[in-house]
Amino acid sequence: MSTEAASVVPIPRLADAGKVTQIRVAVSEWTKLHSLRSSRWSLLVAVVFTIGLPLLFATVTATHWAHMSPHERADRHPLDIALAGVNLSQLAIAVLGVLIITGEYSTGMIRASFTAVPKRLPVLWAKLGVFGLVVFALSVPSVLLAFWGSQAILQNRHILQISFTHAGVPRTVIGGALYLVVVGMFAMAIGAMVRNTAGGIATFAAVFFVIPPLLNLLPTSWNNAISKYLPDAAGREVFSLTHGPHDLAPGPGFALFCGYTALAIAIAAVLLVRRDT
Amino acid sequence: MIEATGLTKDYGDKRAVDDLSFAVRPGIVTGFLGPNGSGKSTTMRLILGLDAPTAGAASVNGKPYRHFAAPLHEVGALLEARSVHTGRSAYNHLLALARTHGIPRRRVLELIDLVGLHEVARKRAGKFSLGMGQRLGIATALLGDPATLLLDEPSNGLDPEGIHWIRNLLRSLAAEGRTVFVSSHLMSEMALTADHLIVIGRGRLIADTSVEEFVHRASGGMVRVRSPHAMRLRELVTGPDVTVHSGAPGVLEISGLSAVQVGEVAAAQGIVLHELTPMQASLEEAFMELTRDDVEFKAGDGAVAHEQAEGAA
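Residue numbers (our numbering), protein chains in the order written: chain A, 1 to 277; chain B, 278 to 590.
No incorrect hints appear here.
What the simulated footprint calls covered on chain A by chain B, stretch by stretch (three residues with Cβ under 8 Å from a Cβ of chain B suffice, anywhere in the stretch; the number is not a length):
1) 7-15
2) 21-32
3) 35-41
4) 101-107
5) 110-116
Derived from the structure by calculation, the hints contain no laboratory data.
Where is the CB? At the ideal position from N, CA and C, for every residue including glycine.
Could you put together the complete structure from these sequences and hints?
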């Protein structure tokens with residue numbers, strides 16, 4: 001208590017405070033996503049890889065075609081070239097997926113987010129939805145550009161031409177974009193479980209890049225039986241035109257990949273609600 | 278109105294908040310005091326539902342915080358630990374939070390002006406000084422025009438001008454009928470700002486009282502007397518309920534008697550007094566007196582603290 005003269009600080013009043021809705025939380029997440037330099041860069045890198053790598057491979061293939069053996073030529077497939085970028089850009093998408101969640105934990109932003117939305121789950125749904133839509137909106141045009149761009153370069157040499165209307169081609173090309181969307185969500189779910197950037201990226205890398213080659217050390221019959229069910233292998237079927245005898249078909253493969261992702265999201269959701277922040 | 282009933286929180290073996298019950302009323306500034314590590318921040322996180330209590334409950338205006346349809350309109354919070362993404366500008370930080378409630382952009386700009394951040398609003402919050410961070414935190418707390426404010430150490434890192442501004446802001450908010458709950462480990466700051474005090478130590482409630490009563494209770498009604506006949510006076514007043522200390526020659530500090538009683542004894546015996554002062558402990562002293570046993574790690578108490586740390590590990 002004091003005797004000094006108190007000067008009144010005028011606090012502006014808010015005419016009408018609205019309620020928290022899922023749509024509003026999604027708009028908030030969109031504001032968060034595009035206002036960070038790291039997300040803009042990751043998305044730009046993903047787009048550049050998705051488009052640039054196929055154009056590069058198409059150019060190299062076109063210039064070296066004359067020197068290739070028939071066996072080597074037979075090994076080249078136009079869709080492998082068109083979707084080569086997806087393999088690299090999935091890393092940028094996954095890192096961003098992890099970072100969108102773990103960045104909030106490492107900076108403490110999560111406390112502000114959960115104070116504004118104390119029910120918490122709307123924040124997770126909004127993050128998944130907004131990120132999924134953004135990745136979809138960027139990767140669909142990217143894979144289409146990669147397809148037509150690489151085809152145009154190869155056409156100069158009249159090699160490796162395939163029509164977009166050819167059976168399975170639209171599914172394979174758009175499948176590349178869908179794969180990136182689901183990879184991003186899978187990574188985001190891992191980020192929400194682990195809550196730590198380094199741990200999240202390491203876990204993602206272990207599931208997608210470390211475990212699959214390790215299975216090659218198993219007896220071949222075991223490897224053939226198990227490997228196709230891994231998230232990475234199952235998910236990739238959707239952007240492969242041809243499938244080996246030990247692979248899943250595109251539909252079931254992608255469905256299994258989506259199932260793994262849904263399971264990861266469900267675990268993340270339960271932990272998100274239960275854990276202290 | 279904030280209510281805690283039997284609020285308890287354990288982190289592993291360590292009890293951070295221990296059966297805490299209190300009510301924070303609207304229209305006044307309630308100070309939440311305790312030494313560092315006494316559980317103030319944990320209590321605030323429990324009220325906001327960021328942490329789940331081990332036992333007991335906390336409510337705001339009769340409901341658990343997470344049940345509100347427009348939470349930012351109910352409670353505005355400034356947490357001690359930074360709650361801002363370092364890569365985002367102050368403007369975008371506020372805008373993102375505003376959007377969850379459909380709060381217009383205009384409101385964000387108003388608050389940036391109110392807290393004096395307009396020049397740096399487009400800079401990344403990671404580059405902010407502690408004081409600028411606190412101002413951004415206060416703008417965040419006021420975003421939804423909340424009926425209740427929960428501010429953890431708001432004057433941390435502010436310059437004297439900023440501290441003065443915060444003090445006026447808190448009083449203005451309370452004068453508008455809002456519930457204002459402010460934590461601090463600095464008694465002197467609370468003495469100037471708060472009307473009511475909730476004091477905790479080691480997670481337990483020590484006092485829930487007005488500021489005047491808190492000081493009175495802790496000072497124990499001591500009277501200081503200066504007299505050339507101090508030794509004689511000492512003999513006369515000493516009794517079973519009275520203790521007398523002599524700090525300096527000719528000075529007595531008497532507890533257990535009022536200034537009136539001491540003066541009357543002296544007059545009756547014709548003892549000359551040069552000074553007769555009822556002592557008020559400063560708020561700071563009162564606080565230290567009350568929390569002496571509850572400070573987690575005391576200076577010069579290294580051995581005990583070390584033992585406890587080992588026990589906890």
